[in-house]
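Colleague: This is what each chain is made of:
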Amino acid sequence: MGNVATIIMQRLLLGLLTLLVVSIVIFLAVNALPGDFAELILGQGATPEAVATIRRDLGLDEPLIVRYFGWLGGILRGDLGVSFAQLNFRTNLGGAGDVGVIDQIAPRLSNTLFLASVTAMIAVPVAVTLGVMAALFRNSVFDRVANITTLSSISSPEFFMAYVLILFLAVLNPLLPSLSNIYEGMPFSERVEKSLLPALTLTLVVTAHMMRMTRAAIINLLASPYIEMARLKGMSPMRVIVKHALPNALAPIINVIALNLAYLITGVVVVEVVFVYPGIGQLFVDSVKIRDIPVVQACCLIFAAAYILLNLTADILSILSNPRLRHPK
Amino acid sequence: MMTILWIAGVLLAILAVAWAFRWAGQKATSNAPGFRDMPLSVAFGYVFGAALLIWAVRFYFQPTQTEQGVAVASVMFFRWAVQGLIIAMIAAFAFKQFGKYVGSAWSRKLFRSMPLTASFGILVIILYSIVAIFAGAIAPYGQAEILGAANVLPGGDPALGGNPDYPLGTDNIGRDILSRLIYGAQNTVGIAFVTTLLAFVIGVTLGFLAATLGGWLDQLLSRGVDVLMAIPSLIFALLLMTIASVWAPRLGIPLTFFMVVIIAVIDSTRVYRLARAVALNIVVMDYIEAAKLRGEGLGYLVFREILPNATAPLLAEFGLRFCFVFLTIAALSFLGVGIQPPLADWGTMVRDLAPFINFAQFAPLAAVTPLLAAGAIALLTVAVNFVVDWMLHKSSGLKE
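First to last, the sequence lines map onto chains A and B.
Residues 1 to 329 (our numbering) are what the first sequence spells out, left to right.
Residues 1 to 400 (our numbering) are what the second sequence spells out, left to right.
Any given hint could turn out to be false.
Reference excerpt, derived from the structure (chain B facing chain A, CB under 8 angstroms, subset only) [what the hints assert, rightly or not]:
#1 F77
#2 I231
#3 V246
#4 G336
#5 I377
Where chain A lies over chain B, by a calculated footprint (3+ residues, C-beta under 8 angstroms) [to be verified]:
#6 31–45
#7 217–229
#8 234–240
#9 325–332
#10 360–373
To be clear, the hints were calculated from the coordinates, so they are not data collected in a lab.
The structure displayed is predicted, hence computed values, not measured ones.
Ideal Cβ positions, reconstructed from N, Cα and C, are used throughout, including at glycine.
Okay, chain B solo, but in the shape it has when bound (with noise of 0.2 angstroms):
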């Protein structure tokens, strides 16, 4: 009760401020239009913006640790946010830069045009890959190797439990964390990578196929399509999991396989509809027609005419498909039914190393090791929305 009526208090001095702000500026500048025109609502938001940016530079600049020597989480993880998301941006500046001076015109010229958040999220892909194919050189020790020290703390500093031997600590069975964590990169967007192109070969496919037959085979294949689209994916990937479950063991197939099968055919659904729909448009038009004068066969038609004219709608499409294959493997792994032990793969990471995160008002390091694994998810699937999201406005020409 009493926070909501101090958060009240809070905006309502905001707006007098804001309300003062507006007057001030109209006097000051003997009603220039900016400000004789400027809404109350507008000046609130200028000067919640600045109290904001005033709160956030004092927090960042209080003392880490009180008198006694003990350590004041809060502001540790408020510093750690805002240097992340200042390397970050500057990271992204300079990939910009970079990509604006090196490269083919082409490129050149993409990169010029590029939002910061676009080329923030090339320069993250790119960096994922290079750890994902040559996690076996960069990582120090093996995802499944167990060393002689369990519960590492992060940090790498002795004093505070921690061991330069493993810079982000070790789990509970004396794994190390910094190599599982690069190898997850392999497994999870590995996986998700093979798992997504299988939903495009099968949607893709079968989607050319009924808009160009037409007639019963693409009645079916919508009606059914309709049909699985109708359950929620990741509960029917859940019911379809606990079946494999009980067949991996006796078909000795690694359950891992399975659920790549599963989660491909799920999201082939999504995929499918829009193949179908992009490759009606295609099937109507001139040059099929003259296509199948010549007496071309049905392989020549959907791979040599239609398909490399619906590669930019399907592009933008990978990356989507992509974010929700990854991110349903990271749910599946984190409710404990997705990848398997003993891959290091992320979203069993979370899973294992999330009650750290009860410990962070005394050890503020040791709460980093599950938001670190949640958060390599988040990053991933946020830098390829990032692109999606440029490609898409680029293509569809919008400009407001």
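Only chain A is shown next, with the shape it has when bound in the complex (with noise of 0.2 angstroms):
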């Protein structure tokens, strides 16, 4: 066992760096902006006074590296910084009503994760049944039509199979409501309701993947000696598969599964806006137009991290459900 542990202490650390890295890699490409963000806050026409008090006050005239640190240290203390939106606030209101970037995104967070977790619940069980079934009568008409169906949603963009959706489900047949504004507050059915088609949308773009990659893994397996063994034995084709095939696909499968959902973080950010879902995603992007680069920063770090944390997921899994390096000789 003490070597498995130290290999996941390696990943885990490996994951810290690389985190550390790629936060320096985001600081590094907000400070290759032109001028600073005194002048774009204050835009063109500003005078040097401003923009010299603005910079004192926001730090800018420290050499870079301390301002690194100071951003850094900031995020480990919670404190995101404050978005230009609302600094233009504070000198008007003269600081009344502070809102920090961590105060914006805090609400829009949860509402993506819980779009992933619905997303998540819809699409694990259909996949995995669905890649089970696919190699159960492999080279059936099912598995001609599922491959083909799954090749083109994988393929097709996910603004596509988003207006499809809202096309069949609520605009020909409305059952389901094609805004998805919640709010907080609002009762959990009609919240799930609400995030129904988005996360249908999602479900459809990494259903496919997954359940290819369980068709695959399995098929892998099909042509083991145990497999065999177990088909000699008289067993349904279904048992040989559930009981004997499954367990030991589980590896790339739980792997391609974690892989599907870190892409969910960035699925969701052209899902949300479709769908004017307040999710992180949508505030991103709404960040990235008005060139709010305190927010902009913020959430790219905060996708880099997720999507970090989870591929260090499936990484770990894999390890532990590899018996090889459970039990070593």
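Put the two chains together into one complex, using the hints given.
Modeller: Below you can see the structure in the form of structure tokens.
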């Protein structure tokens, strides 16, 4: 067991290091802006005095390294700075009703996580079941149809799927609302109903990939001697796959599920914009459009952190599900 | 709640019919192996498929208008979808037959072993290329040309708000949608193609260099790529586009140019990974050793020895990369930070025309235009994926 613990510790440290380097990359990218924040906030016609005041307020006259560590320290304390839009407010209202980036992001992030978990709850069971069925009835009509359908849904853009679903499930047959304007304090059932259409869109996109990988992972194992043995014992094909092939195919399947959840994190951006879902993706795109750098920076870091975390989970889970690593000789 | 109960009821009914079907089959054929060994799930599949088919046929032949003369939008959409699918299948089949008898012996052999999906993919790619290259000659109007009438509905029927001059209607400021779709092929596909090429030039060159030279260069590049790949690509692209959008007006360089470079750099990391892995397998070969002993330079090694031997995997990767780049550009444009107006492109068109979907109930034709633009994107990526899937399947020699 010591062996596995060391490997996992190594992975964790590596993940942490990656996150640190990513934060440097994001910080440097933002600092590649022409001029600096002060000019960006005040616009073209700013007086030099006003620029100097804002620079001093934001600490922009300090060297790059000091600012980086200041920013990093702020993140660790949960302080992501103040958005430009809020900064404008502050100068006009004299600091009344200050809202930091963190207060803007927190509710949005929880909305997005809610959407992602609803999606995962639908997509994972459906994908694994369909994958097992496709492996069971491989080369049948069902398998062919599933193959073509999943390939098409992997390769079409999210917004195409989203609008097709809106057309059929919201406009032609008004079953679900096409706008997901959820808010705080909404009853749970209504919340689920409103986020069902974006969740279905995301499901369509990720299910296809997960299902294909499940099918491939199981079919890979079907040539193994123990599967042959189980077949010769007279087991039904269903039992052979569910009892013998599936547990051994678990590692690649878990891996692909985690990777797809990581994909969800970026997939939400487009889907949230289509359905006007108040999640972090929408906030990100809005901030990109108005060049609200502190928010863009923070969102980017959160997306990257989630992505790294899920990839790390995939890594660790596949180590844990590998019996050869769990029981070293 | 009622819907769920209803669905459960239908599924149970199908299950019952499936059981009866298997039982009847066993009795009728006096336990032929086909029926005797049939699991209930397979019987369920047959009955479910048959039920779906019957429902589809019935739905297809429902009247498209109610007695009051109001269009039934869902039936119309269903008919269009089915007709599109049938036309696509016929076209793919005809193209495959055509390829079987025309062309060189090599291409004829290729077409004989090709699945229908792959021939469909090739046909679509050829059509798109023709439209993209000759967009200026095909399109009836210019892409940014503002014509007299705004918001003309598609269909070309004056009684339904159309105009025969604009078969797909005009958008909210009076640009011809058909022309913009055609120019969109040129812009969106062209820009995606250039971006992918650039990504390949960067990725392959660096990947091959890292594999041949090894040492600190390899370490440096590989770790750098690791870091860049740790940031989700769409997010990173959006971050860099924000910064580029500040730089672009100051430098007087169009934002689209920045987008090409940004996406090419981000995607070149994925190409680098593959190119390096492929080249690592090649540099240990004897002929590389021989070339080194002959005293050949680095350029000769990379471009004359490694590149020709790495073409096959790189070509398949090119198809996949193109899809990713194409979708990223479409997504960026859809979000409003990609290809900038007045250039016509499909992502922006989808965003601009999307509100029309809400009128599908009353004006089915109006709702088609945003889907046409989105469908144009989807069709091309699906087609490329079909071809790549077939190529990978062929080269891996998989039978099952």
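Colleague: Confirm or reject each hint.
Modeller: Verification of the supplied hints:
| no. | hint | in the structure |
| --- | --- | --- |
| 1 | F77 | holds (7 angstroms) |
| 2 | I231 | holds (5 angstroms) |
| 3 | V246 | holds (6 angstroms) |
| 4 | G336 | holds (6 angstroms) |
| 5 | I377 | holds (5 angstroms) |
| 6 | 31–45 | holds (count 4) |
| 7 | 217–229 | holds (count 3) |
| 8 | 234–240 | holds (count 6) |
| 9 | 325–332 | holds (count 3) |
| 10 | 360–373 | holds (count 5) |
Of the hints listed earlier, there is not a single one the structure fails to meet.
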